[in-house]
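Q: Chains A and B supply the protein sequences, listed in that same order.
Sequential numbering from 91 applies to the first sequence in the numbering used here.
Sequential numbering from 10 applies to the second sequence in the numbering used here.
Hint data in this document are derived by calculation from the structure and do not stem from the laboratory.
Source: prediction; values computed, not measured.
Quick reminder that beta carbons are idealized off the backbone N, C-alpha and C, glycines included.
Accuracy of the hints is not assured; some may be wrong.
Here are a few chain A residues that face chain B, going by a calculated C-beta distance under 8 Å [unchecked claim]:
#: 1; residue: Ile174
#: 2; residue: Val176
#: 3; residue: Val223
#: 4; residue: Lys254
#: 5; residue: Leu255
#: 6; residue: Ile260
#: 7; residue: Glu262
#: 8; residue: Ala263
#: 9; residue: Ala266
#: 10; residue: Thr275
#: 11; residue: Ile278
#: 12; residue: Thr282
#: 13; residue: Gly286
In silico DSS-like cross-links for lysine-lysine, where the CA-CA straight-line distance does not exceed 27 Å [to be verified]:
#: 14; chain 1: B; residue 1: Lys93; chain 2: B; residue 2: Lys134
#: 15; chain 1: B; residue 1: Lys26; chain 2: A; residue 2: Lys193
#: 16; chain 1: B; residue 1: Lys84; chain 2: A; residue 2: Lys273
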Amino acid sequence: MKEKGFFYYRKKAVNYLMIFLSFAAALAAIIPLAFIFYYTVSKGAQYLNLSFFTQMPKPVGETGGGMANAIVGTLILIGIGGGIGVPVGIMTGIYLSEFGNKKFAAVVRFMADILSGVPSIVVGVVAYTLIVVPMKHFSALAGGVALAILMIPTVTRTTEEMIKLVPQSIREAGLALGIPKWKTTLMIVLRTAWKGIATGVLLGLSRAAGETAPLLFTALGNRFWSTSIGQPIASLTVYIYDYAKSPFEDWNNQAWTAALVLILLIALLSLLFKIITRSKYKTN
Amino acid sequence: MENIISVKNLNAYYEKKSHVLKNVNIDIPRNKVLAIIGPSGCGKSTFIRCLNRMHEVVGGTITGSIELEGEDLMKTDPVLLRKKVGMVFQKPNPFPTMSIYNNVAAGLKLNGTRNKKTVAPIVEKSLKQAALWDEVKDSLDISGINLSGGQQQRLCIARTLAVDPNVILMDEPASALDPISTSKIEDLIFELKNDYTIVIVTHNMQQAARVSDYTAFFYMGELVEFSETRKMFTSPDNKKTEDYISGRFG
């Protein structure tokens, strides 16, 4: 056998170098996440107690209290946003991959890509013009619509990509059994792609839950308890914004706690999706 | 012999540009096995995909006429047609998110037959007909993709049988399987022809000789020869058929 020469060792060295570089890049990517976690936990956890979830914000000057209204508000806002954005997004995705004619689908796809790049504050302005101005006051509905618009492109594009991953042979199997196309799409193709679509929905909801800018002049915020979709509504993000820039130390601390709660909320949502989409069957 | 399908002057195209089948005339006898042979790209698969109108799913068009039991195929609703003319594909394609039971029940359930008392016996009967029942009867609720390739293909056959078709089209059903699974599928075809008309596309000449009663040889989109299998493999009329069968080309 030929002796291992210079090129052999060079190849080996390059191989190890590349592995090291990609490992380093992966590490660099998770460091910010680790910091975010560290700061929110270390600063927010000490004020995290039951009353944060059950009590209302205290008036200026008094310490303590909670953000029950903001937690419920955020849930309502992503509920409205998801209620509108998820079905529209999923159905648009289905249209693009299964039914769309080439030209129109290309236009829709291009628009969705642009929409996903539109700054969220601009979407807020749109919702303001469309809903707040005609209704003459801020409302949870306006905030929810703004969040829906932000969710749609994410959900649409993930749905389309996930449905495209379903092999053509699965569609043909359905059609060949005499199952109409719409039923094949809904009951077979969509079910096969469901896990991936759920990931897209989760991404959309998480993004919406973390938005502040479009809520400032749509949902506005509310220091009182309100679950009406026609009235201004509190949200964790707007509270974080208000409390973090306030001069009161107690409020600053509560902002950290609100941030922690928001992260936990999204983590909980992820967990919930994992459980819902868990496969019914064991695979070898 | 009585014919179940009658094909006259069939021409098939893909997006008008490529002319895949040229003037095909063939009568398919009832409750027999017809093997379609020919080199790759000769139009075998396209031909059987015309018979359940799956050709148009991929944007193909046809001219000429196909009659199933005297009725014009092109005037039949494709959804209804495909219940009468089932199809088994080259690669086993069970529905990945469904259990074995639901794979077989899919055609019934998704077409509105939901009553368990009706569906369960049909599932059992279909799995028995597909010679899979004994292997899966204790694990009907596991996913279909946990089965071996050969079992998956028999599952797909059971799924087709459950809709109770008259004709079963098979597009190289054993070409992705090992020899043992292949022989199981072939035995199955032999059993099934009592109740069904079977049209099977195959690349494997021995397989055609083993399983079929009639054989059609396609070449470059044309039907070159159609006769009883025994005759085709012993004394073909056409020189091209003889060359292909004896392995001189293709």
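Q: Which of the numbered hints above does this structure break?
A: 1, 2, 3, 4, 5, 10 and 13
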